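**Q** Sequence:
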Amino acid sequence: MERVTLGKTGIEVCKNGFGCLPIQRITTDEAVYLLQKAFYNGVNFFDTARGYTDSEAKLGEAFRHIRGKLVIASKTKAKNADEFERDLETSLKMLQTDYIDLYQFHNHPNFIHPGDGTGLYEAALKAKESGKIRHIGITNHRQHIAKQAVESGLYETLQFPFSYLASESDIEIVKACKDAGMGFIAMKALSGGLITNSAAAYAYMAQYDNVVPIWGIQRESELDEFLAYNDNPPALTGELKAVIDKDNTELSGDFCRGCGYCMPCPAGIEINTCARMALLIQRAPVAAQVKPETQAKMEKVKDCLHCGKCRSQCPYDLDTPALLEKNYEFYKKFLAEYRG
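Counted the way numbering that gives the first Met the number 0 counts, the sequence shown spans residues 0 to 339.
Don't take every hint at face value.
The list that follows gives simulated cross-link-like pairs (lysine-lysine, DSBU-like), each with its CA atoms no further than 30 Å apart [unchecked claim]:
(1) K76 to K127
(2) K174 to K146
(3) K308 to K332
(4) K240 to K301
(5) K290 to K332
(6) K301 to K325
(7) K36 to K92
(8) K146 to K125
(9) K146 to K177
(10) K36 to K78
(11) K308 to K331
(12) K131 to K78
(13) K127 to K7
(14) K290 to K325
(15) K36 to K7
Listed next, with one range per pair, are the computed distances between beta-carbon atoms [stated by the list, open to error]:
(16) N109 to G339: 49 to 55 Å
(17) K290 to E121: 46 to 52 Å
(18) A234 to K325: 34 to 40 Å
(19) S220 to E121: 28 to 34 Å
(20) A286 to R66: 37 to 43 Å
(21) K245 to E88: 45 to 51 Å
Because the hints were derived from the structure by calculation, they are not lab data. Remember, predicted model here, so these are calculated numbers, not experimental data. All C-beta atoms in this analysis are idealised placements derived from N, C-alpha and C, irrespective of residue type, glycine included.
Please construct the entire structure, taking both the sequences and the accompanying hints into account.
**A** If you want it as structure tokens, here you go:
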């Protein structure tokens with residue numbers, strides 16, 4: 000089983016991390032079963048967040064009796080010290096624990112540092128000194144903030160989008176983390192579902208010995224796929240390289256990763272689905288894209304207010320209104336051809 004040390008934290012984890020955002024969508028019993036199956040088959044790193052509704056509570060239910068045998072990371076979107084303390088206390092209660100191994104600032108729009116006026120970093124240090132958290136990390140989708148985090152020396156880990164669709168500048172951030180002794184946690188390792196070959200995704204990640212990918216899992220079949228790689232990790236063969244090259248060609252340029260930071264939309268548009276519908280049609284079973292509920296979602300695009308809110312919140316600086324319009328036009332033509 001491949002293992003990775005999270006930089007200077009000294010925490011050693013399985014190369015397969017469990018991303019706990021998707022377990023919001025299943026029942027507590029289903030989530031507990033998946034989480035425990037993952038743990039008893041070698042997965043020891045679980046990443047959640049205060050903002051993932053009941054995800055923390057499901058983790059707490061699964062692991063309250065074996066807490067010391069695994070590593071839990073959570074996150075806060077707090078804007079000040081008071082909010083930080085409230086979030087932390089809630090997370091501890093939900094997780095049924097008295098400490099969190101890694102507590103991360105969750106995709107803040109500005110770089111958090113001592114003396115920035117928010118009191119957030121100071122609150123994290125206080126929590127660390129009291130033993131409520133053991134390590135301080137940061138997550139972000141913006142390259143400039145990721146680079147600041149690495150250069151500052153303030154953080155022990157960085158969680159950042161990384162997959163085989165990564166740019167050269169993304170790869171430089173991974174290398175900079177290694178040089179700085181900073182753990183690197185790869186989110187969006189399947190690029191929001193656009194990468195459909197998990198073996199290629201895993202083999203690509205395996206090239207970087209300091210990278211821990213967290214796979215978002217909500218089905219047992221998905222978990223089984225990644226558990227199989229614990230004992231038989233895929234090698235980056237010519238066949239898998241061809242898959243990667245093909246995907247890089249098809250997914251080059253501006254495309255929506257489905258991260259959801261543009262949401263909620265004032266007009267009620269499900270932007271993180273509608274703005275990438277063309278790609279979903281090309282890369283996922285068509286049946287799911289012609290359901291009445293999907294058609295209704297796409298029709299909502301016509302209600303766009305062009306307020307610019309989604310565009311201002313996109314961490315990839317995408318022109319989301321333009322992407323919505325482009326995908327809506329594609330969908331209309333696709334639907335007409337499908338029906339005809």
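**Q** Determine for every hint whether it applies to the structure shown.
**A** How the hints compare with the structure:
1. K76 to K127: holds (18 Å)
2. K174 to K146: holds (11 Å)
3. K308 to K332: Status holds; Cα separation ~28 Å.
4. K240 to K301: This hinted pair is violated, its Cα atoms lying about 40 Å apart.
5. K290 to K332: holds (16 Å)
6. K301 to K325: Given that 30 Å is the threshold and the Cα spacing comes to 12 Å, the pair holds.
7. K36 to K92: holds (23 Å)
8. K146 to K125: holds (25 Å)
9. K146 to K177: holds (13 Å)
10. K36 to K78: violated (36 Å)
11. K308 to K331: holds (25 Å)
12. K131 to K78: holds (19 Å)
13. K127 to K7: holds (15 Å)
14. K290 to K325: Within the cut-off at roughly 20 Å; holds.
15. K36 to K7: holds (29 Å)
16. N109 to G339: 49 to 55 Å: holds (51 Å)
17. K290 to E121: 46 to 52 Å: holds (49 Å)
18. A234 to K325: 34 to 40 Å: Between A234 and K325, where Cβ atoms are some 38 Å apart, the hint holds.
19. S220 to E121: 28 to 34 Å: Given about 45 Å between the Cβ atoms, the range is violated.
20. A286 to R66: 37 to 43 Å: holds (42 Å)
21. K245 to E88: 45 to 51 Å: holds (48 Å)
Taken one by one, the earlier hints fail for this structure at numbers 4, 10, 19, listed in ascending order.
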